[in-house]
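Can you build the whole structure from these sequences, using the hints too?
Residue numbers (the working numbering), protein chains in the order written: chain A, 6 to 441; chain W, 6 to 441; chain C, 6 to 441; chain B, 6 to 441.
Because the hints were derived from the structure by calculation, they are not lab data.
Note that the Cβ used here is the ideal one computed from N, Cα and C, for glycine as well.
Be careful, since some hints might not be right.
Said to hold, decoys possible - Below, a list of computed lysine-lysine pairs in the BS3-like style, where the Cα atoms sit at most 30 Å apart:
(1) W:Lys137 x C:Lys338
(2) C:Lys11 x C:Lys25
(3) C:Lys316 x C:Lys348
(4) W:Lys166 x W:Lys296
(5) W:Lys193 x W:Lys296
(6) A:Lys340 x W:Lys77
(7) C:Lys127 x B:Lys166
(8) A:Lys77 x A:Lys166
(9) A:Lys48 x B:Lys193
(10) A:Lys68 x B:Lys193
(11) C:Lys25 x W:Lys48
(12) A:Lys137 x B:Lys296
(13) W:Lys296 x A:Lys137
(14) B:Lys127 x C:Lys347
(15) B:Lys166 x B:Lys11
(16) A:Lys127 x W:Lys155
(17) C:Lys193 x C:Lys340
(18) B:Lys296 x A:Lys11
(19) W:Lys340 x C:Lys25
(20) W:Lys296 x C:Lys137
(21) A:Lys127 x A:Lys25
(22) A:Lys316 x A:Lys347
(23) B:Lys193 x B:Lys77
Stated by the list, open to error - Computed beta-carbon distance windows for the label pairs:
(24) W:Arg197 x C:Arg415: 46 to 54 Å
(25) C:Asp134 x B:Glu339: 54 to 62 Å
(26) B:Glu343 x C:Lys166: 54 to 62 Å
(27) W:Gly195 x C:Pro278: 44 to 52 Å
(28) A:Glu351 x W:Val129: 16 to 24 Å
(29) A:Glu351 x W:Arg253: 21 to 29 Å
4 protein chains.
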Amino acid sequence: MPTQIKNLGHCTIDSPLLKKYSQRDAAFVDDNIRVRLNAFIGKNPPKGGEYIDNFEAAGPREKIFFQPEKTKVAITSCGGLCPGINDVIRSLVMESYYGYGVQNIIGIPYGYNGLNPDYNYKPVSLSPDFVKSIHMQGGSILGSSRGGTKDMDGLVDTLEKLNVNILYTIGGDGTLRGAHEIAMIATKRGLRLAVVGIPKTIDNDISFIQRSFGFETAFSIAVEAIYAAHTEAEGAPNGIGLVKLMGRHSGFIAANAAIASSDVNFVLLPEVPFELEGPNGLYAHLEERLKRRGHAVICVAEGAGQEILQKDSEKKYDASGNLKLADIGIYLKEKIQEYFNKKGIEINLKYIDPSYMIRSAPAVPNDSIYCTLLGQNAVHAGMAGKTDLVIGQWSNIYTHVPIEVAISQRKRIDPHSRFYSSVLDATGQPSSMINE
Amino acid sequence: MPTQIKNLGHCTIDSPLLKKYSQRDAAFVDDNIRVRLNAFIGKNPPKGGEYIDNFEAAGPREKIFFQPEKTKVAITSCGGLCPGINDVIRSLVMESYYGYGVQNIIGIPYGYNGLNPDYNYKPVSLSPDFVKSIHMQGGSILGSSRGGTKDMDGLVDTLEKLNVNILYTIGGDGTLRGAHEIAMIATKRGLRLAVVGIPKTIDNDISFIQRSFGFETAFSIAVEAIYAAHTEAEGAPNGIGLVKLMGRHSGFIAANAAIASSDVNFVLLPEVPFELEGPNGLYAHLEERLKRRGHAVICVAEGAGQEILQKDSEKKYDASGNLKLADIGIYLKEKIQEYFNKKGIEINLKYIDPSYMIRSAPAVPNDSIYCTLLGQNAVHAGMAGKTDLVIGQWSNIYTHVPIEVAISQRKRIDPHSRFYSSVLDATGQPSSMINE
Amino acid sequence: MPTQIKNLGHCTIDSPLLKKYSQRDAAFVDDNIRVRLNAFIGKNPPKGGEYIDNFEAAGPREKIFFQPEKTKVAITSCGGLCPGINDVIRSLVMESYYGYGVQNIIGIPYGYNGLNPDYNYKPVSLSPDFVKSIHMQGGSILGSSRGGTKDMDGLVDTLEKLNVNILYTIGGDGTLRGAHEIAMIATKRGLRLAVVGIPKTIDNDISFIQRSFGFETAFSIAVEAIYAAHTEAEGAPNGIGLVKLMGRHSGFIAANAAIASSDVNFVLLPEVPFELEGPNGLYAHLEERLKRRGHAVICVAEGAGQEILQKDSEKKYDASGNLKLADIGIYLKEKIQEYFNKKGIEINLKYIDPSYMIRSAPAVPNDSIYCTLLGQNAVHAGMAGKTDLVIGQWSNIYTHVPIEVAISQRKRIDPHSRFYSSVLDATGQPSSMINE
Amino acid sequence: MPTQIKNLGHCTIDSPLLKKYSQRDAAFVDDNIRVRLNAFIGKNPPKGGEYIDNFEAAGPREKIFFQPEKTKVAITSCGGLCPGINDVIRSLVMESYYGYGVQNIIGIPYGYNGLNPDYNYKPVSLSPDFVKSIHMQGGSILGSSRGGTKDMDGLVDTLEKLNVNILYTIGGDGTLRGAHEIAMIATKRGLRLAVVGIPKTIDNDISFIQRSFGFETAFSIAVEAIYAAHTEAEGAPNGIGLVKLMGRHSGFIAANAAIASSDVNFVLLPEVPFELEGPNGLYAHLEERLKRRGHAVICVAEGAGQEILQKDSEKKYDASGNLKLADIGIYLKEKIQEYFNKKGIEINLKYIDPSYMIRSAPAVPNDSIYCTLLGQNAVHAGMAGKTDLVIGQWSNIYTHVPIEVAISQRKRIDPHSRFYSSVLDATGQPSSMINE
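Written out as structure tokens, the structure is:
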């Protein structure tokens, strides 16, 4: 899969940063500097998925493509909330304005829908004064929404009408697909329009990107929910605290929260199938734990146990006959209660679902830094006329990743990895909960 | 209703505090000092419930009943978790040990069940070293449980066997009823057993007591949940944040959180009936708010809208044919969605139930102080041989309230009061949501 | 001392709240409702200071003085920062605007200086949209400053020019003296100008007022500083954590933080003199504590130990020959180190002064509520044409206190009181550290 | 410089983890797996210091050196407090006990002094139950102290007497030097003693290690102090907030906090000399900023401006005639005040030094994870008989770094780097404050 970054054209304009960074020779990055993906020597790279060796390094170029005073920039945020969106918006505005001298900056409300001519949304003018304190708030000052990607040509029409030169999109998989389409249409139409994505996925499941912004904030707050579950579990005879966390396909939030809190006894991830019944199933291990310690804490990612839900005889179908999968958190809550009821063992199960309190939080400082630098690097890329890419990070270095590569596969926890072994060590749970 | 406090007998022993408080004449409190309930002049006392004029003031007595070195003290916590239980336990131990020199202090695990001979729970020895840092943790280091009040004579048997002289019970209504029974049985048996309650109700609904411990912590954390709801509401087109808070009979948590956060547009309380349909119902006001501002935050106490749930045609009955009332939070979530679906208005409703994260939190500092002083005053009462009472507070002065008085009625928000008007001012919601 | 509240004139206008509070008969307060100061029966009121029996109750009146649509309101904040100022400003604007329909609201920047014609400050227009989220930030959006009270006539000139009808001043002693003068000059000039103070003193030292806003936030954050001191003390051999807290004349912050944290071994207050040397001095007790437990935490209010500083031979005089008192925190830090150096005992003393981190914090939720209700009641008073008063609270009821009464004496901790005995119980420190 | 890790001998014992990680082939790490330091392609590695290409990867080995049931383990923490020490201790105990079955684990109180026969410190027995919740507290449950490295032979005597097989030392430069000496003496004596360091430096200044534990917590709390400074600065006319942060030789804390908070206008680092006077000095830029915006925030690392302090004419010498450098924070506070006094410009400068509140904080969740994994990897190394090494991290992979390499140079911010340019972008400060 090609990792080369598309350019709108040749960069001929001296970067305004040249003055600013005078005498700072290493402050600029050449296009031919690349970042290696495999830091190991003597170890084969992970199998599966397409193999990629390296990416272009991000950072300011000495020559840029867009003339700042004539450039118009648009920013939009799509999909569910995630800590740090406002930090990214702030950084995009600040770097465009103070770094490059771009003064024409607009915000598109409610994601791609804000570009849809059918809706009546008005763009917002974004100035340094307007954005200076927005990073203190959670959410997105532009609002966000899903979808809006049906009429991509219509969206590009709007961008043309608005004379936008650089579109910064903050969003996940669907958003990036949309951004890729916009970039393709723009190329077809011969527009001077760069599309630069800042990948947003609270689940941290975007491939070739070391971590996604907001993810650390997410598992940090999850730790508080786990602490509550632990307190409730210890506070009652045979207390069980059950916490459902985000993670549809990848269990990074649950796994990291489990290590950080060190109060979790069982963490259930989408990547690691498990069984409920049988001598090596969750119920048996849970019962044993209650006997031994009198309480237990379970942390389940929302995408875990899909194979169990699908097998369950009480399948539910919606109006169109589509299978409606139950919520694994509520399913476990009910089934665990049922199991112990049948056994005549009184338990006290408390179920906590902190998702919205996590999504809407302001970013923790380390995420704020990451968002700020993602934003800065996105502006560097945009001003250099690079397009159809997202800003990533690998080995702690910022990179340019073609959108197609970023969405080609999903980052997941490898159950055979060192990391997952550390999770097992931290929770003390059995290596497998599958009956042989 | 009599407000006189029962005494085990005449106090003849010099308080060990006499040395400690040398030259501090106002440090001791006489039994004849009383605290007036009605601080108003020129305003009639509130109607309804039995009228009480004043209570005995709490505090150390110069003469005490129990000889410290021969006294054995037991502590137990019952019912659901509430912030501050560990602070109270800590204070009971510290004041008994350091204030009076009592060294024989035990903790009864899991509430009254821990005194039930049928269970196998062992009392825990409680020392200053053991409890010194427990206030940093939420929950109860003794564990807690509901019930255990069927065989009260059996419980008193256990207390006799353990030679307990003072039983401190931390708990709510049911617990206090139990404590009252224990005190009565002890009197009948002629035991030298004082029973002193520290009233625990996160809902703040105990009568004649200004505030209950943990209540401030509860509404303080509720403010964070409301902030999340507000962020989610602002983050999506027609966003609605719906937060369910504790408050089965009294809406103090919801009302205080609404004022403190100032992001709530509608607060629904058990004390103030409302309608959903009709031109003055919640739906209409909510729709109008969405039109005007694009988002809304609703905060509902768990006991609100019972009249609506009871009228609802989709009543559910449990196995024994008893009416199972739906959860008002989930009910509203579904009904509001239904209402706007029918109208063809797309909304984005996010539902947050932070209850267990609230209950299990450590106490905020102001609650810690309150818990510490409640504990100190409980020990002063217990050492003076007072029994069948709870420690209360009125006009910021600690009081002795007979258990029977404390449980005789429930403290609720008066919808005609100044306080409720302040709630209306803070939320801007209509004075009434009943169709005339 | 008279407790009667001055009125600008007869109230003849129907309150706009009458519609809002329809059917809420208790929502309005009559001028003849009063709040008793002494809640005790059988106990003599505290001696010292002038005796006051009761105050007028605050709250909305059915008839008001100012016609809302013609009323212009100004708000200013003076003196040092204090948590909750923005909450008060927010509430003043919201209640004026939504409660009474006043639309002409301005903010005076930087306190009384903002009214001084010599400075060039421009008033800011304050709208609900402008203030809606300011309570999330610490500090004062209007800025604050000391002084500005030299040319009071000039200030009133400005108020006249600006056509201000109600001036809300948020500030402490000096500010209130200024407000009183403004009210007097206004009366003399026959202006229709009401002056309503919201008392601000982070030290909680205003008399006849139960607590001041921001005070709870202050001691809550102080608890964190004490926890840091405690951790440092435990982390090193003979570790001593020394925390200096606010409290020039009254030690409420230090005393409350000490009870709440329960990690403090010695709390030193302005109200309780102590000695350093001698068998009953601080040094001896501290040394004994280190021997027994290996670490100690001391919490000192900035106004404590003034008698020691004054006696100290190393007095410093400033340029004008005035005595410059040392900072008691730094003084103790150096002297304690010296003491143990002389004794050849190695200690590890860590000194923490968290003052600015406390002052600048946003209010905790309970303070937010208090600020909101103080603001609401200030507006009720202002609209009713009451002047030369501050809004207070007693027995948890909001009151009207004449400014002259509020500034006539200072609220301090009575070392003979129950409260101080509770402090002693919580810290375990000696009843007195004076050598007989 | 050699990067090979010393081994006590051949590993012949099957790791107990083999059973635990059954079927997890990637959970073990071979000695020949190495981690590349330079992730760039096409960019020369940084100049200066000795060049190192790669390190051995950390992680569990299939064969180990020590027989778990016969192994005795000692843990000690040295130097100043740092967030996360207790997390590391906890992880060392948990992994030793549950991962490998080592049951004989002791804690050495107060660092190397605890091994000094002259002191009377007793080792503490460390069990899972003892350490399970210690990560909730800041500080070190073992206490910590500086020094103790004079009589290294005596320390090794104690370790011999105690029969310690693995010594885990948590500490900085000095501690690591000591650990290296202990390892050398142990080799000379032919002891079966492995010495494994977990590098502790809140300043993040250890070379060849990506980040040090506690560092993220440190800059996260620093952000709060900066926010306070910002609030104070905005709250007064010509307000200046000045925050001093840790960072004797390396300004990572100040730089990261500045980016994260985005309220800092001038960040002063040890790595970047600056001048106060002159048209391009700090004073001039500060004055210009006050004129333009009315307030400013300065963040200074404790090691910044040493060249200014050394030049200052008011040098102070201590009793032995050694130069006593002033504290740069207090120096700036006084000098800035002086500068504006001379100019007749009234400023309001507030100085905040949050160091002890930062050092003593519990670790943020991301640091907790790091500490847990550092601890796990230290145990893997220790059990494999590796010695004279520290556990590091590079490109997010855990590594083995010989102690001599780790202490050979210091990690500092390169003023010519991309990172420092990002700091400039985030603060907007001039690229240089040196007058040409």
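Structure-based check of each hint:
1. Annotation: proposed proximity of Lys137 of chain W to Lys338 of chain C holds, straight-line Cα distance about 26 Å (limit 30 Å).
2. Distance hint between Lys11 of chain C and Lys25 of chain C is fulfilled; the C-alpha atoms sit about 27 Å from each other, no more than 30 Å.
3. A hinted pair counts as satisfied when its Cα atoms are at most 30 Å apart, and Lys316 of chain C with Lys348 of chain C qualifies at roughly 23 Å.
4. A C-alpha spacing of about 68 Å is found between Lys166 of chain W and Lys296 of chain W, which places the hinted pair above 30 Å, so the restraint is violated.
5. Distance restraint check for Lys193 of chain W and Lys296 of chain W: the Cα-Cα separation of roughly 67 Å exceeds the 30 Å cut-off, and the hinted pair is therefore not satisfied.
6. For the given pair, Lys340 of chain A sits about 44 Å from Lys77 of chain W by alpha-carbon distance, which is inconsistent with the 30 Å threshold.
7. Taking the CA atoms of Lys127 of chain C and Lys166 of chain B, the gap is about 77 Å. The hint is violated against a cut of 30 Å.
8. Taking the CA atoms of Lys77 of chain A and Lys166 of chain A, the gap is near 12 Å; set against the 30 Å cutoff, the hint holds.
9. Taking the CA atoms of Lys48 of chain A and Lys193 of chain B, the gap is near 35 Å; set against the 30 Å cutoff, the hint is violated.
10. This hinted pair does not check out: Lys68 of chain A and Lys193 of chain B have alpha carbons roughly 60 Å apart, beyond 30 Å.
11. At roughly 23 Å between alpha-carbon atoms, Lys25 of chain C and Lys48 of chain W fall within 30 Å of each other, so this suggested pair holds.
12. As the CA atoms of Lys137 of chain A and Lys296 of chain B are separated by approximately 19 Å, the hinted pair is consistent with the 30 Å bound.
13. Proximity of Lys296 of chain W to Lys137 of chain A is assessed by CA-CA distance (about 29 Å); at most 30 Å being required, the pair is judged to hold.
14. At most 30 Å may separate the alpha-carbon atoms for a hinted pair to count; Lys127 of chain B and Lys347 of chain C meet this at roughly 27 Å.
15. The suggested pairing of Lys166 of chain B with Lys11 of chain B holds, with an alpha-carbon distance near 24 Å, which does not exceed 30 Å.
16. Restraint check for Lys127 of chain A and Lys155 of chain W: not satisfied, since their Cα atoms lie roughly 66 Å apart, outside the 30 Å limit.
17. Distance check on the hinted pair: Lys193 of chain C and Lys340 of chain C sit about 55 Å apart at the alpha-carbon level, beyond 30 Å; violated.
18. Of the pairs offered as hints, the one joining Lys296 of chain B and Lys11 of chain A is violated, with about 45 Å between alpha carbons and a cut-off of 30 Å exceeded.
19. A hinted pair counts as satisfied when its Cα atoms are at most 30 Å apart, and Lys340 of chain W with Lys25 of chain C qualifies at roughly 28 Å.
20. With a CA separation close to 19 Å, the supplied pair Lys296 of chain W and Lys137 of chain C stays within the 30 Å bound.
21. In summary, the hint linking Lys127 of chain A to Lys25 of chain A is not supported, as the alpha carbons are separated by about 35 Å, beyond the 30 Å threshold.
22. Of the pairs offered as hints, the one joining Lys316 of chain A and Lys347 of chain A holds, with about 21 Å between alpha carbons and a cut-off of 30 Å not exceeded.
23. A hinted pair counts as satisfied when its Cα atoms are at most 30 Å apart, and Lys193 of chain B with Lys77 of chain B qualifies at roughly 20 Å.
24. Separation of Arg197 of chain W from Arg415 of chain C is about 47 Å and conforms to the stated range, judged on CB atoms against 46 to 54 Å.
25. Between Asp134 of chain C and Glu339 of chain B the beta carbons are some 43 Å apart, a value that contradicts the proposed interval 54 to 62 Å.
26. For the hinted restraint 54 to 62 Å between Glu343 of chain B and Lys166 of chain C, the CB-CB distance of approximately 38 Å leaves it violated.
27. Taken as a hint, the range 44 to 52 Å holds for the pair Gly195 of chain W and Pro278 of chain C, whose Cβ atoms sit roughly 51 Å apart.
28. Hint check: Glu351 of chain A to Val129 of chain W, Cβ distance near 21 Å, so the stated range 16 to 24 Å holds.
29. In this structure the hint that Glu351 of chain A and Arg253 of chain W lie 21 to 29 Å apart at CB holds, the actual value being about 23 Å.
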